[in-house]
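For chain V, the structure is supplied; the task is to place chain H on it using the hints.
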Amino acid sequence: MTRGVIIRNGRIVDPSQDLDRETDLLIEDGKVVAIGHDLGNAGCTIDATGWLVLPGLVDMHVELREPGFEEDEVIHTGTAAALAGGFTTIACLPSTDPPVDTQAGVEFILHQAQRANHCHVAVLASVSKGREGEQLAEIGSLVAAGAIGFTDAPLPIHNAELMRRALQYCRMFDRLILNRPRVIELTRNGIMHEGLVSTLLGLPGLPVEAEDVMTSRDVRLAEATGGRVHLMSLSSEGSVELVRRAKARGVAVTADVSPSHIAFGDEELRSFDPNFKLDPPLRSRNHLEACIEGLVDGTIDCIASAHAPRASEKKMLELDMAPFGAIGLETALATVNSRLIETGHLSWSDAVAKLSTNPARILGLEHKGSLAVGADGDVTLVDPHADWVVNPHIFQSKSSNTPFSGCELRGQVMSTIVGGQLRCSVAAESRIDGSTGGLVRR
Amino acid sequence: MSLEMTDALPDRSAWTQRHLLDLESLSAEEITLILDTADHFKELTDGCRRKISVLVGCTCCNLFFENSTRTRTSFSLAARRLGADTVEFSSSESSVSKGESFIDTAKTLEAMNVDVMVVRHATPGAPHLLAQHLDCSVVSAGDGPHEHPTQGLLDILTIRQHRGDLAGLTVALVGDISHSRTARSNIWALKKLGAHVIVCGPSTLVSPFWEEVGVEVAYDLDEILPRCDVLNLLRIQFERQITRPFPSVREYALLYAMTSERMRLAKSDILITAPGPINRGVEITSEVADGPHSVILDQVTNGLAIRMAVLWLVGGGRNEVYR
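Quick note, the sequences are listed as chains V and H, same order.
For the first sequence, my numbering puts the final residue at 442, and the numbers step up evenly by one.
For the second sequence, my numbering puts the final residue at 1323, and the numbers step up evenly by one.
Each hint should be verified, as a subset may be incorrect.
Pairs of lysine to any residue, SDA-like flavour, derived with a Cα cap of 25 angstroms [as the list claims (entries may be wrong)]:
1) H/Lys-1191 / H/Lys-1107
2) V/Lys-314 / H/Ser-1268
3) H/Lys-1107 / V/Val-373
Far from chain H, some chain V residues (derived; all Cβ distances over 12 angstroms) [said to hold, decoys possible]:
4) Thr-23
5) Glu-209
6) Gly-298
7) Met-316
Source of the hints: derived by calculation from the structure; they are not laboratory data.
Source: prediction; values computed, not measured.
All C-beta atoms in this analysis are idealised placements derived from N, C-alpha and C, irrespective of residue type, glycine included.
Next comes chain V alone, as it looks inside the complex (with noise of 0.2 angstroms):
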């Protein structure tokens, strides 16, 4: 018997190589070797007949807290919440303490991925020394430590002229920027959406005009510079617009949206709950679909997750004491399901291209992305049709501040697996036959 894995009758869905249909894929030494029937056998078989074979997602804005604030999540329990979620490869911001701005920074994380011994995690190193927002930190150290992007996220790079040297300077180490674009003096003291919502419940808003002045500022740089801009969890009709129309000029702008934005408005702070509480908040209904509009053109290229776990101490308080943010990675394709192609926006070949190859692409991650003969053996196998109920509290995250608890959701991530090894399943035992190298079952 040979070694590897061989997954048959699945719905092979990859978008890197135009496919969408029924077939078996077989994984050897950590790579695809071959996509096909009559593959022969390997040392571990899995039935995929009714699921969908992915290539592994991956999310470029996840945080993992550690270290520093350990008691949000840790490497070990957010690469696990990773692969609940069906992400084999994350990118994880450097909303640290000490902030990721030193190579022993970068290789701390990479050394306890490696322990963790779940995903791949990739490290977005600070832009700024101590993520203060003023002098250049360390690119050239950084990259050669391993970072593969750089950002102050989730802080917003607020100075222009740290921005304008960053896109200069990263050019040399052909390395990506991402900001999540938001104006500080426009959003002080700001909880949610400025609209009609606030108005009535007297919260304090952040009007879209702050992320629409930084994201049009960032297109002017990155076009200027020549740079790489990637904008993170845009959130408004007039930000969306600036892409579109920067994309058109052949601006290097990319940019994400989480999917609490497209399931989610401003409405849900009526009941004045933190989980509702996000950086961007959540925005009213012309915004909503204008992102989606933007994911069904194209002008937003990726789905990420925005994971930003918070210890139930800090988010459960008065709105205004509680931070932003929530975490995603185990809801994300569910929602992706649930809200854009059951709804018919986005077919699984455009979804895949959001959650997995644009985002390796965007961080120039080869051989992620793809189940292309000789990409990494990095599958996720998805239920597509399973209903579940949100739960957060058996979640793998550390922490439960999510805005979908109690939401019903449709499509299971079944197995996840990374380099050739099946890491997490909740398939039944009759799916799998053989070896499974390091399995968490659930």
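Only chain H this time, still in chain V's reference frame:
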């Protein structure tokens, strides 16, 4: 002491709410029931002076996370007029800086067998959050700029006592609408009772979004004044503003202060109300505040009556009245 008839008070079986968190979620009937109950209590207590024992055995806790003199005193006195026990807790510091979350503080007090928790907090929704975590009744005594339900009710009780039916009246709320919880409570209750509501003030403090819920938005006080039956003059909430939304107090007073000169533009029977504390010379001059159209002190007495009514309704008070 003698036992008096139970029909002196309205039928409280029509009241089904455990909490009073805001007026937006009440029906016109529920608002009217509170107003009627307050009228009864005012009469039964000779203008809120005497004590009646309809809430004996009930413990009301004033949980104030924001400075307050008048509202806290009014709730305390109202509870004691009904024979309830009162517990006071106030802290102007944020709960987090004390190391205990405000939910834990409230739970600790609740464990001392509190039946009604009266909560004042600087953050919108704080009473709603507490209502989810506590088993006792929660009454909002103001949550940041969101709502101040008993203030809205006492304003409307005062108008009703002077004008009868609210339907068809034009009521203008003037001043800092953005940061005013009084404005929001008034808007919902006035609209439910059929009044026409105008919000008027500087464009930086009056959101055009109000039009979407059927409220008239105006920036020129002199233009609307001839149409108004009632003015409610709101204080400028300097403490809630980060950058000042108008150039100077002087300029604000020029545009929006209710002065004797402006009174000449108004209807001859206009009613002047203000939630207080009033800033004489800013939103209102002394001649107007102390003049014949002002009902500002009536409002204070009515505040007691409203709070008695609310505590009695949510506290599950008896209908037998001991004298």
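Hint check results:
no. : hint                    : verdict
1   : H/Lys-1191 / H/Lys-1107 : violated (35 angstroms)
2   : V/Lys-314 / H/Ser-1268  : violated (55 angstroms)
3   : H/Lys-1107 / V/Val-373  : violated (60 angstroms)
4   : Thr-23                  : holds (51 angstroms)
5   : Glu-209                 : holds (15 angstroms)
6   : Gly-298                 : holds (33 angstroms)
7   : Met-316                 : violated (7 angstroms)
The structure shown violates the earlier hints numbered 1, 2, 3, 7.
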